[in-house]
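J.: Now for the letters of each chain:
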Amino acid sequence: MWFNSIDFAIFSIVVFAVYWFVLNNKLKQQNLFLLFASYFFYGFWDWRFLTLIIFSSFLDYNVGLKIFNSETKKQKKSWLLVSLLLNIGLLGFFKYFNFFINSFEELMSLIGFQANITSLNIILPVGISFYTFQTLSYTIDIYRDKIKPIHDIIAFFAFVSFFPQLVAGPIERASNLLPQFLKRRSFNYNSAKDGIRLILWGLFKKIVIADNCALHANEIFSTYQSQDSITLFLGGIYFAFQIYGDFSGYSDIAIGIARLLGFDLMKNFTYPYFSRNISEFWRRWHISLSTWFRDYVFIPLGGSRVKSSKYIRNIILTFTISGLWHGANWTFVFWGFLNGLYYVPLLLTNSNKKYTGVVAQYSWFPNIKEVLQICTTFIFTLIAWIFFRSETIQDAFYYLAGMFSLSLFNIPHIHRSFLPFILVFLLVEWIQRHKDHPLQIDKAPVAIKFAAYASISVLIVLYHVQDVDIEFIYFQF
Amino acid sequence: MNRFLVRLIVYSFLIFLVHMAIGAYLKNIAKENETEHSGYHPRQRWADFHELSPNTIDLLFLGSSHCYRSFNPSIVDSLTNKKSFNLGSSIQTPITSFFVLKEALQTQNPKLLVLEIYFRTFYDASNRQYQSANFNFEFMKSNTVKVDFLINSYGKDIPKVLLPTYSQKRGFDYLIEGYKLQNTKEEYLNKGFVERTDTLSSTRHYNVEPYKFDFDETNKKQSVYLEKIIRLCKDNSIELILVTAPITKEMKSTILNYEDVYQHFNRVAQENDLDFIDYNKIDVNLIDTVHFYDFQHLNKAGSEIISRNLSYRIANKKLF
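For the record, the sequence lines run as chains Y and U. Using the numbering used here, you'd call the opening residue of the first sequence number 1 and step up by one each time. Using the numbering used here, you'd call the opening residue of the second sequence number 1 and step up by one each time.
Where hints are given, some of them may not hold.
Dumping the calculated DSBU-like pairs for lysine-lysine here, alpha-carbon to alpha-carbon at most 30 angstroms [claimed, not checked]:
| hint | chain 1 | residue 1 | chain 2 | residue 2 |
| --- | --- | --- | --- | --- |
| 1 | Y | Lys449 | U | Lys221 |
| 2 | Y | Lys193 | U | Lys156 |
| 3 | U | Lys141 | U | Lys27 |
| 4 | Y | Lys310 | Y | Lys183 |
| 5 | U | Lys156 | U | Lys249 |
| 6 | Y | Lys449 | U | Lys249 |
| 7 | Y | Lys353 | Y | Lys310 |
| 8 | U | Lys156 | U | Lys141 |
| 9 | U | Lys160 | Y | Lys449 |
| 10 | Y | Lys193 | U | Lys160 |
| 11 | U | Lys228 | U | Lys185 |
| 12 | U | Lys228 | U | Lys317 |
| 13 | U | Lys212 | U | Lys160 |
| 14 | U | Lys212 | U | Lys228 |
| 15 | U | Lys185 | U | Lys221 |
Bear in mind the hints are in silico, worked out from the structure with no lab data behind them.
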């Protein structure tokens, strides 16, 4: 059930109606209903996936209690290890088994051995990367005494399977989302209004921006050997906006739906393409994942409270592992590694903690320095996106080699029709960069608000890419 | 909550009005661009059909693009001395054929229906039924048939049809890109028939992996509607012939169990006491690179052969 499908719209309306009109003020029944609705949503993809998520929920609910009730640190650690091994084991098996087998075989063949290990026909359960991290954060935070385990199994299961964010995040922390399942939720007009706006904006980003960029990006990447540099560069731009529109659009829809149900999910994107350096980019892109890796990988490795060489090691390792999280391909690993490498100069010049506020906060336009910073950061991320998008690392290098030649400065003759849209989109985001999202236009006159909503809805319909189902990219993870 | 719902409903309604206005504008754009000889067959085909005087058609053709490119009513008429019309349309599925027939029966009373059967229309590919219906729905005149068609054909795509901007998106494409003549090599002649004069190049090859057709994987609703067409014809005393138009030998060779496909429809025909002609089982001297313009559609030369052959068969059966 894609978020931009009629099935999902009908499903959401039914859930909303039952949730507020039938079960209003009945906390336990609402949680139970959300649980069944979420399982129905998830089972729609493939009912077999339900066994895994139920197992994962059951495991971590019980392990959480065991960790809390253990008397010694050693016992707590043992139970935590159970959670880690089983969750990561399952994730590793379903996501990486064939990848590791194939990589091992390639490595053996490089040194002259033929290893014929049977690979399995494994279906990757949708959202496993997301909900596994979500449940792991629960057990780890209990181990760290940051939270106490809950005794409401229904609330916990509903937290793990909460359908708006189940298949592609945001990866919620138990400390943020779980308490919301334990207290009565009342309908909030402003929250619901903002939720609808977020859904509308999210659909716009996915259907108009991401899907149309995908058409161009797919064509350019599939024929990159015969394209000139400027077209390859455009391909990179289109993919950069495809993945941004796709992923942030999904997050907006997820957050919007959650708001309609009285939940507050964490922000996942805050205008990342206006970042002035790579560390700011990673404070604005896929925030739920980058903070998860910061708290559960980077900090346990020692974080920044170690000598420089280890600090750099920790950064690169964290980014590389996060690259691997994205997919079972060396291209993702290299993409993560590259982002880690980008960090190193910032660490060495102590610039990684700069730029925590809104760019050009007190002026309409950025200054020259900010423009250069934004453009440079964008180009570096674009180069990294080439690896993310390419089928192999070799393809990525060939693509980049093709991209950097004199024809980079030509005027593009093809694949330029959608560029004005991207520019207008960026302009809208720039004007509204102080807000949570561009449709926070409460102070605008009613006519302006109406015109904005009507225009966006018309654009969504007219620019809908017909006859083609373009997946949400992050559903693959 | 009430305030939220009221505002949501009011805004939604007003936005829908905007969509209606834009949809009406786009509909006009489409009409202005899809003129005679513009190459957009569905509009021209239905316009020609609705101009017919009532109860003047003796023979009706229904089916996919294989139908409207294979069976030339002008040739059939001259050889059978009857009046025919070809209401085939792109990817016309049995569901669509049923409702097209119902629409046709509002103003015509044909004695014979030639239903072109193409097995791939029984499959549920992405958007197939929606597209199939779209080539006909907006041009139908009977509201009763249209409502029935909407409910039984579009299914969950009904909102797309009811949203004016979505259903008239074609007009927006013309506005942005300008109307592009679908294909300069083909021409809509008359009576629903489309003719193409080029031929399949001998250097082109059908690069599709061989496969087995499995009826268990088809949409059962399509088979149900095939039965409905058969019953509708019986109820209206319309003689029905099932026909499968020819495809190239190269394309046919990729269907590993073509015999099963043939037997399936042959059984349907036999169970209902119908004639079934499969032009892929009959040798009518068709040559891939002479009589086809692509791997599955006849060109002018090919359609002449098939139209003549079918006409002789119809005349010999003395069905009229």
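J.: For each hint, tell me whether it holds in the structure or not.
T.: Structure-based check of all given hints:
{"no.": "1", "hint": "Lys449/Y x Lys221/U", "result": "45 angstroms, violated"}
{"no.": "2", "hint": "Lys193/Y x Lys156/U", "result": "27 angstroms, holds"}
{"no.": "3", "hint": "Lys141/U x Lys27/U", "result": "16 angstroms, holds"}
{"no.": "4", "hint": "Lys310/Y x Lys183/Y", "result": "43 angstroms, violated"}
{"no.": "5", "hint": "Lys156/U x Lys249/U", "result": "38 angstroms, violated"}
{"no.": "6", "hint": "Lys449/Y x Lys249/U", "result": "60 angstroms, violated"}
{"no.": "7", "hint": "Lys353/Y x Lys310/Y", "result": "18 angstroms, holds"}
{"no.": "8", "hint": "Lys156/U x Lys141/U", "result": "23 angstroms, holds"}
{"no.": "9", "hint": "Lys160/U x Lys449/Y", "result": "25 angstroms, holds"}
{"no.": "10", "hint": "Lys193/Y x Lys160/U", "result": "25 angstroms, holds"}
{"no.": "11", "hint": "Lys228/U x Lys185/U", "result": "37 angstroms, violated"}
{"no.": "12", "hint": "Lys228/U x Lys317/U", "result": "24 angstroms, holds"}
{"no.": "13", "hint": "Lys212/U x Lys160/U", "result": "34 angstroms, violated"}
{"no.": "14", "hint": "Lys212/U x Lys228/U", "result": "27 angstroms, holds"}
{"no.": "15", "hint": "Lys185/U x Lys221/U", "result": "36 angstroms, violated"}
In summary, the structure is inconsistent with hints 1, 4, 5, 6, 11, 13, 15 from the numbered list given earlier, while agreeing with the others.
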